[in-house]
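**Student:** All chains should be modelled from the sequences, with the hints used to inform the complete structure.
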Amino acid sequence: MNIHAVPQLTPAETALVDAFGERLSLLPGDGAVMVKRDDAIEQVKTGLPTKRVESWHYTDLRRLLTSVPAFDETAKAEAVAPVLEGSAVFSVLNGRSSEKTAKVEGVTVTRVADKLTDGSFAPALEPRGSDDAVGALNTAFVADGYFLDIAEGVELSQPIELQNVQAGGQTHVRLPVRVGNGAKAVIVERQTGTGDAFVSSVANVTVGDGAELTWLIVQEQPDAAATHLGQFNAWIGKDAKLVVFVMNAGGKLVRQEINVAAKGEGSTFTLRGINLLAGDTHTDVTMVLDHAVPHTESTEVIRNVVTGKARGVFQGRINVHQYAQKTDAKMACNTLLLSDDGEFSTKPELEIFADDVQCGHGATVTEIDRNHLFYLMARGIEEKTARGLLVKAFVAEVIEELEDEAIVDALEGRLDKWFAEHG
Amino acid sequence: MLEIRNLHARIAEDGTEIIRGLNLTVNKGEVAAIMGPNGSGKSTLSYVLAGREDYEVTEGDILYDGESILDLDPAERAAKGIFLAFQYPMEIPGVATMEFLKVAMNAQRKARGEEPLSIPDFLKRVKAASGDLSMDMAMLKRPLNVGFSGGEKKRAEILQMKLLEPKLCVLDETDSGLDIDALKIVADGVNALRSPDRAMVVITHYQRLLEYIVPDSVHVLYRGQVIKSGDKNLALELEENGYAGIIGEAA
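Top to bottom, those sequences are chains S and R.
The numbers in our numbering rise by one with no breaks, and the one at position 325 of the first sequence is 325.
The numbers in our numbering rise by one with no breaks, and the one at position 163 of the second sequence is 163.
Hints listed in this document are in silico derivations from the structure and should not be mistaken for laboratory results.
Treat each hint with caution, since some may be false.
[What the hints assert, rightly or not] Derived lysine-lysine pairs resembling DSSO-like cross-links, with alpha carbons at most 27 Å apart:
(1) S:K309 - S:K347
(2) R:K167 - R:K127
(3) S:K417 - S:K309
(4) R:K228 - R:K167
(5) R:K141 - S:K417
(6) S:K384 - R:K167
(7) S:K384 - S:K309
(8) S:K384 - R:K102
(9) R:K184 - R:K167
(10) R:K153 - R:K80
(11) S:K241 - S:K347
(12) R:K102 - S:K417
(13) S:K184 - S:K263
(14) S:K384 - R:K141
(15) R:K162 - R:K124
(16) R:K110 - R:K127
(17) S:K241 - S:K326
(18) S:K384 - R:K153
(19) R:K80 - S:K384
(20) R:K127 - R:K80
(21) S:K384 - R:K162
(22) R:K110 - S:K384
(23) S:K417 - R:K110
**Tutor:** Right, here's the structure in full:
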C-alpha cells in the first residue's frame, strides 16, 4: 500500500471506519478473511479515491460520497418479482441470504456467509489494486450473498435471478458464480431497493471452456440518495461466450465496474449498456478488458440518455497483451443529451502490445434527429410522444441486439417503466 | 379542399426564397399533378404543406377546408387529414414499424376524439392493407424503413396512407427509385384511394407516373410559381417538348 500522509477523513470516511469498528464482531469470517477485512479498512483509512486517481478521475468518490448511513438491522427488504418470467430467484434481503432457496438442477448453491468461514474464500477478497475502492469497501463489510456453482455441461432451462434488495442502511454482498465447462446460463443481477442505502456488490464470475453465459445487470436504486457501488469481474475460458448487459436506471451515486479477462483462445465478450440518467445524479460505468491470449473478440456498445442535471461517465479500457494476436475489439459510446444541465464524459483507452489486431472505438453526443422527429409528427404523432419514441428507440436498439425475445421484451418493459416515471 | 394563395416560403436557416408567389386550388375528389424541372420548388412545396420547421412562410396563406393551417404543427395537420408520402422515407432505427403504425393511427384517432383501436382490429386492418400492396407482414416487424429497399419504402408509405385514411394526400416523387413492377403496385395503391371526398397532389418530375395515376389537372411549377395549368394533355405535351417551351412562354 502507498504511504501517504493520512488525510483528515471526510464525514463519509469517518462513518465507514466507525461502522467497521461496530460491525467487526458481527461479521462472519475465518482468520484469513478477517486479515483481508483489516487490510481493506486500512485502505479506506488512507482516503477514498479522488479525481487525482486516474481510474476515478471523473468520479471523485471522496467528494461525491457526502454521507454514509448506519447499518439498519431492522430494515425490512422484500423480494421483488423477477425481471424474466419463470426465473429461479435467489434474494439477498437487507444484506442477508436465505436458507431456503430455489432448487435448480445442476446448480449447487452456497450461502456466502458460510463460504466466508470455510477457509476457502480469502483469496477472492484480494483487492484488484490500490485504486480498488469498491473491492476494498466490499471486502471490509461483506456479510453474505450466494455462490452458484453450475456443473459442467448443464444447460439451464430457466433463467436465474440474483436479487439484492435494500431497505435503507448498508448492504454489502458477493455473488460469485462458477459456470462449468460447456454449461449455458442466463443470470440476472438485480440491484434495487427502497431506501437511501449504501450498497456494495461484487460478482466474481468464471466462465468455463466452451460455456455460454448471459449476465444482465439491472440496477434500479432510488434516485434520491442511494449509493450503489458494483463490481463485476469475469474470467472467460477457451471458446467461451460471455454477454454482459448493464442497465443503470436509478441511484444518486452509482459506479459499476466491469473487469473482464479473455483468458482462453476463441472466446468472445459482448458488453451492451444503457444508462438512463435523470435528476441530480452521478452514474459511472468503468470497464477494463484484457485480451490476454490470441484469437479473442469483443464488442462494447454503451448508450446513454441524459436528462435533468444528471452526470454520466463511461470509461472503457481495452488492453491487448503482447501475445494476443488476431484480437478483434470494437467499442462505442453514444449519448443522447436532452438537457443543457446534463453532462456525459467518455474515456476510451486502447493499450495494444500486439501488432496484428483490429481495435477501434468511437464516441458521439447527439440530440434528437430533427428529420426523424418531423417524419413521426407528419404521421400525426404529437411532439412529446414522438420525442419519447425516438429516445426509447435510441436505447432499445442496444437491447434488441440481445435477440432472445423474452429478454428483449422484459428489458423493454424496464425501459417503459423508467420513461413512465421520468417522461 | 386546398387553396394556396400567393405563397412565399424560404429556408429558415439561410433565408433563401424557394416558393415565390404560388397559387393553386385543388378540389375534393381531384388529383392534381405538380410537374417541374429540378430545383423548381416541388419538394419544398410538399414540406411546407406538411409543416416542416425548416421552412418559413413569409407571405400568403394555405387554406385547408377553408381554414389557414399555417399555425399548425405537422402532427396537428396530419390529424386534420393531411398526409405527405415522402420522396425519401426516413429510416428510424429502434422504432418497430408495427408499433409506429399503432401509435400513429391511435394518435390521429385521439385527436379526432375517437377510441383507440383494439389490437385485433388494428392487426386486421394492417393485414388487409399490406396484402393489397403485396407486402410481407414480417417486414413490418423490422424497425421503420431500416434496410427496406427503395420499393419497399415507397410501399410502406402507401401502406401508411391507406391506414391513416387522409383527406389530402401529397405524394412527393413517389415514382423515384421504383422499377416498373413496383411503380404499378404503388400506383394501384394510390388509385384505390381515389375518392370523391379525397384530394391528391401528385408531385413528379416525369410523365411516366401519370400514365398509371391519371390526373384531373396538371400544373407546371417553375422558380416557385405555377406558370401553367391544364388537363392531363399538358403532361403529354411536356413529355414531348420538355420544359423549355413552357418556360419560354411564361417568361
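**Student:** Could you work out which of the previously given hints the structure breaks and list their numbers from low to high?
**Tutor:** Of the numbered hints, all hold.
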